[in-house]
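Novice: Protein sequence lines correspond, in order, to chains A and B. My numbering applies: residue 1494 is where the first sequence begins, and numbers increase by one. My numbering applies: residue 34 is where the second sequence begins, and numbers increase by one.
These are computed hints drawn from the structure, not numbers from a lab. Fair warning: there could be bad hints in the mix.
Stated by the list, open to error - Below, simulated DSSO-like cross-link-like pairs (lysine-lysine); rule was C-alpha separation at most 30 angstroms, straight line:
hint : chain 1 : residue 1 : chain 2 : residue 2
1    : B       : Lys60     : A       : Lys1699
2    : B       : Lys226    : A       : Lys1764
3    : B       : Lys226    : A       : Lys1688
4    : B       : Lys226    : A       : Lys1776
5    : B       : Lys266    : A       : Lys1764
6    : A       : Lys1776   : B       : Lys105
7    : A       : Lys1776   : A       : Lys1840
8    : A       : Lys1776   : B       : Lys110
9    : A       : Lys1840   : B       : Lys266
10   : B       : Lys297    : A       : Lys1776
11   : B       : Lys105    : A       : Lys1764
12   : A       : Lys1688   : B       : Lys297
13   : A       : Lys1688   : A       : Lys1827
14   : A       : Lys1764   : B       : Lys297
Stated by the list, open to error - If the Cβ cut is set under 10 angstroms, some of the chain A residues that face chain B in the computed set are:
hint : residue
15   : Thr1665
16   : Asn1746
17   : Asn1754
18   : Pro1875
19   : Phe1879
This structure is a prediction, so every number in the text was calculated from the model and none was measured. Where is the CB? At the ideal position from N, CA and C, for every residue including glycine.
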Amino acid sequence: MAKKELNLNRVSMPKQDPQERARNFGEVSLGYSKAQAIAEADRCLQCLKPTCKDGCPVNVDIPEFIKALREDDMPEAVRALKAKNSLPAVCGRVCPQEQQCEKLCVLARKGAPVAIGRLERYVADWDLATEGTPEPQAATAVRGRKRIAVVGAGPAGLTCASDLAKMGYGVTMFEALHTAGGVLKYGIPEFRLPKNIVQAEVDYVKSLGVELVLDNVVGRTELVDELFEEGFDAVFLSPGAGAPMFLNIPGENLNNVYSANEFLTRVNLMKAYLFPQYDTPVKVGRRVAVFGGGNVAMDSSRCALRLGAEEVYIVYRRSEAELPAREEERENAKEEGVIFKLLTNPKRLLDDGQGNVRAVECYEMELGEPDESGRRRPIVKPGTEFEIEIDTAIIALGTRPNPVIPSTTPGLELTRQGTIATDVATGRTSREGIWCGGDMATGAATVIDAMGAGRRAATDIDRYLRQK
Amino acid sequence: MYRILEREDLTPTIHLLKIEAPRVARKAQAGQFVILHHGEEGERIPLTIADWDRAEGTVTVVFMEVGTSTRKFAQFKAGDVVDDFVGPLGKPTEIENYGTVVCVAGGFAIATIVPIARAMKAAGNRVISIMGFRTKDLVFWEDRLGQFSDELIVTTDDGSYGRKGLVTEPLTELLKTRDIGRVIAIGPTIMMKFSALTSKPFGVKTIVSLNPIMVDGTGMCGACRVEVGGETKLACVDGPDFDAHLVDWDLLISRQRAYLDQEKTSDERRQHHCSGGGHCG
Chain A
1494 MAKKELNLNR VSMPKQDPQE RARNFGEVSL GYSKAQAIAE ADRCLQCLKP
1544 TCKDGCPVNV DIPEFIKALR EDDMPEAVRA LKAKNSLPAV CGRVCPQEQQ
1594 CEKLCVLARK GAPVAIGRLE RYVADWDLAT EGTPEPQAAT AVRGRKRIAV
1644 VGAGPAGLTC ASDLAKMGYG VTMFEALHTA GGVLKYGIPE FRLPKNIVQA
1694 EVDYVKSLGV ELVLDNVVGR TELVDELFEE GFDAVFLSPG AGAPMFLNIP
1744 GENLNNVYSA NEFLTRVNLM KAYLFPQYDT PVKVGRRVAV FGGGNVAMDS
1794 SRCALRLGAE EVYIVYRRSE AELPAREEER ENAKEEGVIF KLLTNPKRLL
1844 DDGQGNVRAV ECYEMELGEP DESGRRRPIV KPGTEFEIEI DTAIIALGTR
1894 PNPVIPSTTP GLELTRQGTI ATDVATGRTS REGIWCGGDM ATGAATVIDA
1944 MGAGRRAATD IDRYLRQK
Chain B
34 MYRILEREDL TPTIHLLKIE APRVARKAQA GQFVILHHGE EGERIPLTIA
84 DWDRAEGTVT VVFMEVGTST RKFAQFKAGD VVDDFVGPLG KPTEIENYGT
134 VVCVAGGFAI ATIVPIARAM KAAGNRVISI MGFRTKDLVF WEDRLGQFSD
184 ELIVTTDDGS YGRKGLVTEP LTELLKTRDI GRVIAIGPTI MMKFSALTSK
234 PFGVKTIVSL NPIMVDGTGM CGACRVEVGG ETKLACVDGP DFDAHLVDWD
284 LLISRQRAYL DQEKTSDERR QHHCSGGGHC G
């Protein structure tokens, strides 16, 4: 076979026009056509020793699914992809592939790596649009007698539950909200991750035999120890984010000052963008400031635009280089017209005399020496205070661990940050029979990291139950 | 899905629903609340727990029609099912023997204070209850609260039943003349605020149950933040009970009014639909 010529340019992703999409909640990235997907898949070198897999927290068989895709054997592509990933339509959309699989693609040394994420999305969407893909068979009856409780139906819980179900265990997922999906439903907006896609992935997990109990706040409705009394042999805790962090500056409890969690929950989970057809309201006004520089800040700013705000600012205390958000999300936000106020930090929120926020007073910042995080430390430039008039403030600084489960489960060791102490490789906690993964173990992180934790815990739970 | 076993109208706009929810019933304690959610378009609304029956597996909630969601809930009949009924949420009310406890309640919150009075009585307290209403036609559960009270005082704003005046008047007299160990005050925010102002000079610890706007109700969103003793707290997980003398009442009242315009829009839309013969709720 002749040596394949390197193609260093990836097929670009069709997107909605920025002007147009900034005013609707339809998906921004439209997905590859079949021809585009096959053309991109054709760039893959099918390395004998593929490095891309090492970058994937759930070790998806990347060359295998891409090979099947380019040979137009879609059922095989789906099988190869879903063997390791139960939520491929989600991962294809929200994984930071540029820091994972694509970073390790050999083409990345010379040009653009294979667009693995986009191909994953193509295969997953084909699967969702097609009925009757054969499912992996549930395994032995011996395993089937053991039961596992999974607490929280977000990315970590869904992955752990589906892995265990595929191994043949009886799995029940307990979810606090009225719908499964966790951050995929309440946090990530419709235009980045359509909720019907999330629901289809949840339905897939249920199709594996996983029982889903909604409206159950473990730690309140039921205690972890009661789950063991009810006959569960192991418990995986993945309850997700807790209380939002605030800036701790004056004026933070004024009206129209939201945590990103509240703002996004209103918009995504409760569909406040369809108010008054939907009953939950949200207020944005004309000018919005979002504090923070991560993906959640980008999501909040882009939601605010779509809700009709005329000017939306991202206020971030460091410079562009330190912005933690994915480059793609940053670019999307910029294209849509979000204004970045970098090296800017809020001093206080000012009130309109009626209890509503009217403006934010900010300082200019400069960067000093690197701090313990390795990033250059932001320093206030004295005497540089200035005001930005706003109608709404959204604070996107991350979350704290939710104390409900630790405070009602004796013997669970915690870290200094209040997360549940776990062994990273297995997810084991200080208590026998209890595993933990996702934000409750690591603090705020990515969807795929949470999925990786769910996968590792499932593997270890299997090992534990076989020995028991 | 949670079946409604009973519906009762306590007044024309205050309704009781007894709901089959065994897991919630098994854990419910005085002072806790549930989140009720119904229909794809519905809000998540916190309602305090008025009663429960662990053997029967039921939980009773009482609510007043104040906006779109509560007006939708008012359409429920016995036999209907509610999509989501989550709880019990929040911390239970601290129950101890304080000697003499005064339970003050206004309007629909009578239903909230009954299980607290019951628990206080069971803990050995002498319970004096004060229940306040606007007018005679709105009086309910006098017998029920009376059952757990050593003394019961009823007030109406217009004097059409019981004593004329506000609940703070008998509260002041009791604080002046008796040795009171604790006051529990639950009702409209303004009533709780004035109960707090009434008891403060006497130095009697007073507990209120705050009802800020909530969304998830499980400590995730931060919508329900209140300031207590200069610190920001989340009513859904740190409360809903707080020390009344430390609450920033004006902030709470302001935050409760954050969506008045939207509430009006929603209500008008709903009433327009209803009068048009469309599908309601």
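Novice: Compare the structure with each hint and give your call.
Specialist: Status of each hint after checking the structure:
1. A threshold of 30 angstroms between alpha carbons decides the hint, and for Lys60(B) with Lys1699(A) the separation of about 28 angstroms falls inside it, so the pair holds.
2. Pair hint Lys226(B) plus Lys1764(A) does not hold up; C-alpha atoms about 34 angstroms apart against a cutoff of 30 angstroms.
3. Straight-line distance between C-alpha atoms of Lys226(B) and Lys1688(A) comes to about 43 angstroms, which puts the hinted pair past the 30 angstroms bound.
4. Proximity of Lys226(B) to Lys1776(A) is assessed by CA-CA distance (about 28 angstroms); at most 30 angstroms being required, the pair is judged to hold.
5. Of the pairs offered as hints, the one joining Lys266(B) and Lys1764(A) holds, with about 26 angstroms between alpha carbons and a cut-off of 30 angstroms not exceeded.
6. Straight-line distance between C-alpha atoms of Lys1776(A) and Lys105(B) comes to about 23 angstroms, which keeps the hinted pair within the 30 angstroms bound.
7. Taking the CA atoms of Lys1776(A) and Lys1840(A), the gap is about 23 angstroms. The hint holds against a cut of 30 angstroms.
8. Of the pairs offered as hints, the one joining Lys1776(A) and Lys110(B) is violated, with about 34 angstroms between alpha carbons and a cut-off of 30 angstroms exceeded.
9. For the hint pairing Lys1840(A) with Lys266(B), the CA-to-CA distance comes to about 21 angstroms; that is within 30 angstroms, so the pair holds.
10. Straight-line distance between C-alpha atoms of Lys297(B) and Lys1776(A) comes to about 14 angstroms, which keeps the hinted pair within the 30 angstroms bound.
11. Straight-line distance between C-alpha atoms of Lys105(B) and Lys1764(A) comes to about 18 angstroms, which keeps the hinted pair within the 30 angstroms bound.
12. Simply put, Lys1688(A) and Lys297(B) have alpha-carbon atoms about 29 angstroms apart, close enough for the 30 angstroms limit, and the pair holds.
13. As the CA atoms of Lys1688(A) and Lys1827(A) are separated by approximately 24 angstroms, the hinted pair is consistent with the 30 angstroms bound.
14. At roughly 18 angstroms between alpha-carbon atoms, Lys1764(A) and Lys297(B) fall within 30 angstroms of each other, so this suggested pair holds.
15. The beta carbon of Thr1665(A) comes no nearer than 13 angstroms to any beta carbon in chain B, farther than 10 angstroms, and the hint placing it at the interface is violated.
16. At about 6 angstroms, the closest approach between the beta carbon of Asn1746(A) and any beta carbon in chain B falls short of 10 angstroms, and the interface hint on this residue holds.
17. Interface restraint check for Asn1754(A): the shortest CB-CB distance to chain B comes to about 5 angstroms, inside 10 angstroms, so the restraint holds.
18. Residue-level restraint check for Pro1875(A) is violated (minimum Cβ-Cβ distance to chain B is 27 angstroms; threshold 10 angstroms).
19. Checking Phe1879(A) against chain B: minimum C-beta separation of about 26 angstroms lies over 10 angstroms; hint violated.
In this structure, the earlier hints numbered 2, 3, 8, 15, 18 and 19 are contradicted, and the remaining ones agree with it.
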